[in-house]
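Chains as they are written, first to last, in this note's numbering: chain R, 498 to 930; chain H, 23 to 329.
One or more hints might be untrue.
Unchecked claim - Here's a subset of chain H near chain R, in silico, CB distances under 8 Å, partners left out: (1) Tyr91; (2) Tyr93; (3) Ala276; (4) Arg277; (5) Met294.
To be verified - Dumping the calculated DSS-like pairs for lysine-lysine here, alpha-carbon to alpha-carbon at most 27 Å: (6) R/Lys714 to H/Lys89; (7) R/Lys719 to H/Lys89; (8) H/Lys89 to R/Lys600; (9) R/Lys666 to R/Lys742.
As the list claims (entries may be wrong) - Now the stretches of chain R that chain H is said to cover, found in silico as 3 or more residues with beta-carbon under 8 Å: (10) 744 to 751; (11) 758 to 765; (12) 887 to 893; (13) 901 to 912.
Note that these hints are calculated values from the structure, not bench results.
Every residue gets a Cβ at the ideal spot worked out from N, C-alpha and C, and that includes glycine.
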Amino acid sequence: MVSPIRATRRHLLSCLAAIGLAAVLPAAAQAQVELKVGYMKHPIQDASLDMMEKWAKANNVKFTRVPMAYNVFQEKVTATLTTQGDQFDLIWHNDDWGQLWEKWLEPTDDVKGMENVDKWPLDAFWSAEKKMTVVPMVHTVGTFFYRSDLLKPNEVPKTWAELVTVSQKLQKDGKVKWGYVGGMSMNNTWFAQWWTMWTNNCDIFYPLLERNNAKLKAGGFKSALADPCHKEVIEFWWDALHKHKISPEAMTSYGRNEANAIFMAGDAAFTLVDSTHWGEFNDPARSKIVGKVGMAPFPMGPRAKAHTSWNEIWGWGIPKGSPAEKKKLTKQMLAAMLADEEGQITQWKKTGGPPPNVKVWDKIAAQDPVFKQLKHAVFDQKPITHSAYYFAQWPAVHKAYSDASVKALSGKREDIGKVLEEGAPLVTRAATN
Amino acid sequence: MTLSAIDLDHPPKRRLFGERQRFMLLLIAPAAAALAFFQILPIMTGANASFRDWSLHDPQMTWVGFKHYVYVLTDAGFVWTVMPNTIFFMVISVACSLVFGLALALLLNRNFPGRAVVQTILLLPLMVAPVVAAIMIRWMFNDQFGIVNVVLELVGLPGQPWLAQRWTAFSVILFADIWLWTPWFALLLLAGLQSLPREPFEAAAIDGASHWRVFRYLTVPMLRPVMVVCIVIRAIDAFRTFDIVWTISQGGPARSTELFSIYAYIEAFQAMNFARGSAAAMIGAAVIVVLAMIIFRVLNRWAEVSK
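So here's chain H without its partners, still in its complex pose (with noise of 0.2 Å):
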């Protein structure tokens, strides 16, 4: 081309995307769409209607302001049951779901004959639907016909009413989740595991360094990295936990274990409140999006992901 072919007055239009980023976004088109339809439409559709008044039954839809998110912060219920046992067991199951899945991993990253099905074993909690899950477990504290206080009375033990009471309701929810998710603790730490560099190990071995100092000073030092990661991760999804909850308890007895998506729950569904639902999951979400700031922070330092 010449250059005075070229139109000083009207130059050619700059497009905004070259080849390479238009090729770019085609392709991750569909995940935005399905993200924009199934995720943040909803959310941004739940956000509104907790400013209105929308019942399910009645949706009048008409602007109301702050007042479910008041009743919702008024409630007692809510600020001195409902997020103290949503945190409560956020902690408790995070714990020892890490705890479990680490002294598994360990033992997986040893060699011992038939580790493979021990290994295949252990994944099935995994493969297992939450509900299903829930169910069984719920049969199985049956203060009647449960297999638990079948082998207690066996060993001369009394049976108890496990979903009866608070704390004995709370451990068997508890149970529950941390069976279903060891596994994928065990899972990540053994895969993490697997990646650390044999050297320091070996110089430990040379220097005739106990197991308990190695694992001390050298595993989880190394391992932090990936724990970190699985604690941020499994903390926010045990924060919003309902399944479980709702098939073996419904929050009960007497809504002592209750956690914030069952709230939710009954406001939108059971009370047919849609907009105190909405009011009490943008809340839950605010105090998860903090909490897991927090959590993430303070594992960083620790970790020192960072450096």
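Bound conformation, chain R alone (with noise of 0.2 Å):
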């Protein structure tokens, strides 16, 4: 039998083990670190956020996800980057507002696997001090989608001429209703407006495919709204809403929610979006063409004389406002990302986004007839210019453009010169003021 002081100092013992471990446990839970992440919920982030997960875990990291939603993204992170707040450790970043945070963030220059990342699209992600201030997460590339169970490959159209007479012939015989949908309304002019821009050797201001801010200074922002290559795209445009009828009238209205909700009904043959909608064409959940959807090149317009393509990024930066251990460990956490081959692979199988790191493309390729499909119409095609500028006012820009091409568009035939002359003083001032 135990003596009762004994049992009191067994006790007593027993009580001070469990205040010691009662004291070091929340130190120990203490001292995991927690990354914070301000992202758009959307499959592909979120596949490279699983990567980052995993290196996370293995490394006794806190890993929070804070979704926002796209309309409100931008300006919410914008307000608590200038604010130098530490509410995020990583963000989002995408070459549309590249230029605006480029002072916010912290270089990424240093993050190990940066050599293994097209150069290409980081253009819009250069600070002041010529630093990187991104770490590529996707290519966001414009592609053009095909009904594949309506039209062999090289029935595909390599013009715009093709594309209407093409898509004439597929409504004629009542395969499809429409040809082309694409959105045209502001915030979705690439998807009609301006991949034919590029695609006629055009662009918004001179000098034509230029996106050195000094040297649009230089020659005043002058916009080439007027210019005849750009009337031709237009006129392209309102042929084939008013008079072609290859498109819906109404798609001047359109966004991307609208334009994909009728390919996806399997009333259009073409449209041109982001490669990462693949997946959404393909849910036979919310699509009627599954399996039946193939990717090529551009149609040109009459000037240009060979394919191009729009190859951006989405990515991820650090806030400068990020305590210094933490960045420290973002940056392998992201370099994690890079380097995990495994992961991307299965990011572009459950999403249809292309991975950052270009050495996994061809083993990709190599497995997968998809992804060199999209190789094709868009990797090995070169760009002539960027998706979008890179200078503060882009946005006023981008809504000067959108306001007088849907004007043009919503007007008379032979009123189209006269609008775009209107509108490129608009284009120039919103870029100047």
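Put the complex together from the two separate chains, hints included.
Now the structure itself:
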């Protein structure tokens, strides 16, 4: 039998041990660093975050996802960055607002694996000190999608003229209601007006295809909206909407949702949108064209001599307001993501998002005919310029351009030139005010 | 207390507020604090921003005087499209909601079987969030999948690209707004109708006055004070409408349905120029203050509320 004194002593010891443990355990819990990611809820971003979470688990790092709606993301994160708060240790970064955040983001040149990413899409993300401010997550490439059950690869239109004739034939044969559908309203200008602008060797400012801000400034940001190459673009779409009727007349009001809905309902033969929508087009719960979608290079306009492409990225940025030790960990985590070949292949398979590490591309192309098709449609074609301009007034320029082009497309054909001439100074004003 | 106990050189300090006033102040303090923090302070911050170089991504906050006001007031789009659109929207929305609301109120003021059910159903739009209603209406008027075009095609009429042209897009926006706000008018006017004295109506019935004459010479004049309050409140609210227009058309096509609140939002949060957006908002606020005063004076005279 244990004596009462010994029992009391044992009891006291166990109490002390419990108190000691209680004191140590929270400390251990506190030692676990938390990394918070601000991002847009999207399958691709989640796939990229899955790779990072894998690293976080292996390295005893608490990984917290803070999803935000696209509509408020830029405003919300901009406000966070400019106040230098530590609300996020990592944020989704996009070429559309690449230059706006350059002074608020940590350089990423020293992230391991950056040597294996495509350099072309990084142009939007250089800081004034010539430091890189992004780590790519996925290539967001404008992709010309066609209905592979209706056309063989060699029948896919290679020029605007063929796009009209092939569309009309499919419509006449009762295969589809529409030839081409794509977003045209503000912020969807890429999916109609702009891809045809680039495929006609045209652009928004003079010098055409220039992205050097100093040269654009020297030229007074003179708008090329009234240039003959531009008039051809708007006339092509006016005819597509009102004369050839290969596209719905209401397309000037469409965003991506409306255009995708028509394409996924099987009512249109062609669309052009980010390749990131591939997964959506092949989702049996949402689409009637599963397994019937092919990819091809953009049809060329009358001034083009070769196919072109649109190849940009979504990426990750590290806010300067994040504490130094967290920045270090975040960089390790991003390096792990870039090195995670298996994770990147999974990202492609699950979402259709082309991975950032170009060394993985050939491996995927060898085993996946879809990626091979995308590679031919986009990565094997040389982009003639970037899909945006990289200065602070760019959103205002985009809006001014969108208003002018939609006004021209909604009016009479003979007024197109006049409307574009009236719109050109407004585009210049948006860039210079 | 004896007189000698009073220190005439140091009279007791008189409190600024009595106990009753202090208690009243205490009661209104939470509301006043909320008003100060969530209304007055943001307005002051916005007013301050409108005189500075204050972009959202690079807030320099340097003083630039009236630069942004000059930009907005010399922007042809603001002067010749946005402001006329805003006033047009306000007038049509308020007028139609008032007419339909009054009609519904008159209907609901009668006794008929199922009146309570009808009353509840008519109030449904008030319970729907404007953004939700606007998304629903945008898809109803979708040219490919919308129910409106399906019905038109069923009766042999061609479907319309509703949101691709100025006036059809404006009609859709107005339809949504009127649908949402008619029950509000109906509810307040019904309350007004039910509070009217019965004697004049009984006298009119004895005199054999027609329904129209009763409505024209009794109901409307007696209801004027309620109508004036409804019109002024709703006009101010309609002037700053944002959610419905943004969801349905984003001010398009080509700015043709852009209202002043959309203009301010685009400048502040799309172009990231917080200062210019604030200047537009300040100008809009000044315009609505003047408009509201004019509307109130005109309607006040009409209704003879001051008597």
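How about the region 887 to 893 of chain R: do at least three of its residues have a C-beta closer than 8 Å to a C-beta of chain H?
holds (count 4)
Using a Cβ cutoff of 8 Å, are there at least 3 residues of the region 744 to 751 of chain R near chain H, or does the coverage claim fail?
holds (count 6)
Check whether the Cα positions of R/Lys666 and R/Lys742 lie no farther apart than 27 Å.
holds (12 Å)
Hold the hint about H/Arg277 up to the distance rule: shortest CB distance to chain R must be less than 8 Å.
holds (5 Å)
Once the shortest beta carbon distance from H/Tyr91 to chain R is found, is it less than 8 Å?
violated (14 Å)
Minimum beta-carbon distance criterion (8 Å), H/Tyr93 to chain R
With a closest approach of 7 Å, the H/Tyr93 hint holds.
Verify the interface restraint on H/Ala276: the C-beta must sit less than 8 Å from at least one C-beta of chain R.
holds (4 Å)
Are three or more residues of the region 758 to 765 of chain R within 8 Å, CB to CB, of chain H?
That given contact holds, which follows from 4 residues of the region 758 to 765 of chain R lying within Cβ reach (below 8 Å) of chain H.
Given the hint that H/Lys89 pairs with R/Lys600, does the C-alpha gap stay at or below 27 Å?
Holds, at roughly 26 Å.
Three-residue Cβ test at 8 Å for the coverage of the region 901 to 912 of chain R by chain H
holds (count 4)
Between R/Lys719 and H/Lys89, is the straight-line Cα distance small enough, at 27 Å or below?
Holds. R/Lys719 to H/Lys89 sits at ~23 Å (cutoff 27 Å).
Was the hint right that H/Met294 lines chain R, CB cutoff 8 Å?
With a closest approach of 6 Å, the H/Met294 hint holds.
Of the hints listed earlier, the one the structure fails to meet is number 1.
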